[in-house]
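From first to last, the protein sequence lines stand for chains A and B.
Take my numbering: the last position of the first sequence gets the number 679, and nothing is skipped along the way.
Take my numbering: the last position of the second sequence gets the number 111, and nothing is skipped along the way.
Since the hints were made in silico from the structure, they are not lab data.
Note that the coordinates shown come from a computational prediction; the quantities given were computed from them, not determined experimentally.
Watch out, some of these pointers could steer you wrong.
Said to hold, decoys possible - Cut-off 30 Å, straight-line C-alpha distance, at most; resulting in silico cross-link-like pairs (DSS-like, lysine-lysine):
#1 A/K593 with A/K656
#2 A/K593 with A/K620
#3 A/K659 with A/K591
#4 A/K628 with A/K593
#5 A/K620 with A/K591
#6 A/K628 with B/K36
#7 B/K24 with A/K593
#8 A/K620 with B/K24
#9 B/K38 with B/K24
#10 B/K38 with A/K591
#11 A/K659 with A/K620
#12 B/K36 with B/K24
Stated by the list, open to error - Residues of chain A placed beyond 12 Å of chain B at every Cβ, according to the derived structure:
#13 M532
#14 E567
#15 R586
#16 G607
#17 R653
#18 T665
Said to hold, decoys possible - Just so you have them, the derived chain B footprint on chain A, three or more residues with Cβ under 8 Å:
#19 553 to 561
#20 639 to 652
From the three backbone atoms N, C-alpha and C, an ideal C-beta is built for every residue, glycine too.
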Amino acid sequence: MNNPPHIHLQLVSDPIYLSGARELIAAVSRRLGFNEEACGQIALAVDEALCNIIRHGYDKRKDAPIWLNLWPSVDGQPGLTLVIEDEAKQVDVEQIKGRDLEEVRPGGLGVHIIREVMDVARFEKREKAGMRLTLQKRRPLEPAKGGA
Amino acid sequence: MSEEMQVDVNRDGDTVVVVPNGEVDLSRSPKLRTVLREAQSSKPKRVIIDLGGVDYMDSSGVATLVEAFQIARRNNSKMVLCALTDRVRSIFEIARLDTVFTIVPSRGGRIRVSSRRP
């Protein structure tokens, strides 16, 4: 994204802030016209992304930085773009995938959930350190209203 | 510093009913895990988890319940989830676990037996 984000949030990797991040994202999504189900899905995707950073990226450290950026569109169309960045350990993008859901065991669901509820979920290594996750969800166009 | 989640536990004969309240996320699922482990330590015949007071759950909460389900299986206990809100039910559907857990509408509801087993 070339233009500056409409929201730029920095938080530390402490799970107690997950609730605040979720509520912020859900409230903004609502104001951008997403329905209640979609707002919940977007907030869930952000929660899962932050959880993965805290648990796997920072190994549960509570004082490391995470940046959350928001743009109120997807390639100029109605929707929402979120970019979540960290300075956690870098991982091979090819290895980031949801697990086989036929295997019922605790854990490993986060990436599957993110990919399931968002239109785009793209993981990248940042240039110097950490990872970047770009999430996008389009908002369905409202049906055209009848004539004047 | 963190507001702790309230989890009530009621025992009735061979049945233990666990009732978490509020949001079950990464900061709070460890409390639920601890309470469930304690509740299951006596190997009750039936474990009911009433989720009617849970308005949000993420994958850490789901993982906690999967773990409890596996313990229940080892104990030959029957574990039932009840009173899921639409929002909580949706994460079970996304994770395709809604067919794994025994889910009933309320504590006295009819039990739907799953075909998949953890």
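Comparing the hints with the structure gives:
1. A/K593 with A/K656: 21 Å, holds
2. A/K593 with A/K620: 15 Å, holds
3. A/K659 with A/K591: 21 Å, holds
4. A/K628 with A/K593: The hint holds at about 25 Å.
5. A/K620 with A/K591: Distance of about 12 Å is within 30 Å: holds.
6. A/K628 with B/K36: Given that 30 Å is the threshold and the Cα spacing comes to 36 Å, the pair is violated.
7. B/K24 with A/K593: Cα-Cα ~18 Å, so holds.
8. A/K620 with B/K24: Roughly 28 Å between the alpha carbons, so the hint for A/K620 and B/K24 holds.
9. B/K38 with B/K24: 23 Å, holds
10. B/K38 with A/K591: Violated. B/K38 to A/K591 sits at ~36 Å, over the 30 Å cutoff.
11. A/K659 with A/K620: 11 Å, holds
12. B/K36 with B/K24: Status holds; Cα separation ~19 Å.
13. M532: The claim stands: A/M532 keeps its Cβ more than 12 Å from every Cβ of chain B (closest is about 26 Å).
14. E567: Since the minimum Cβ distance to chain B is about 9 Å, A/E567 lies within 12 Å and the statement is violated.
15. R586: At roughly 7 Å from the nearest Cβ of chain B, A/R586 sits no farther out than 12 Å, so the non-interface label is violated.
16. G607: 29 Å, holds
17. R653: The claim holds: A/R653 sits with its nearest Cβ about 19 Å from chain B, beyond 12 Å.
18. T665: The claim holds: A/T665 sits with its nearest Cβ about 20 Å from chain B, beyond 12 Å.
19. 553 to 561: It is violated: at least three residues are needed, and the stretch 553 to 561 of chain A offers just 1 whose Cβ sits closer than 8 Å to chain B.
20. 639 to 652: It holds, with 6 qualifying residues against the three required.
When the structure is compared with the earlier hints, violations turn up for hints 6, 10, 14, 15 and 19 and for no others.
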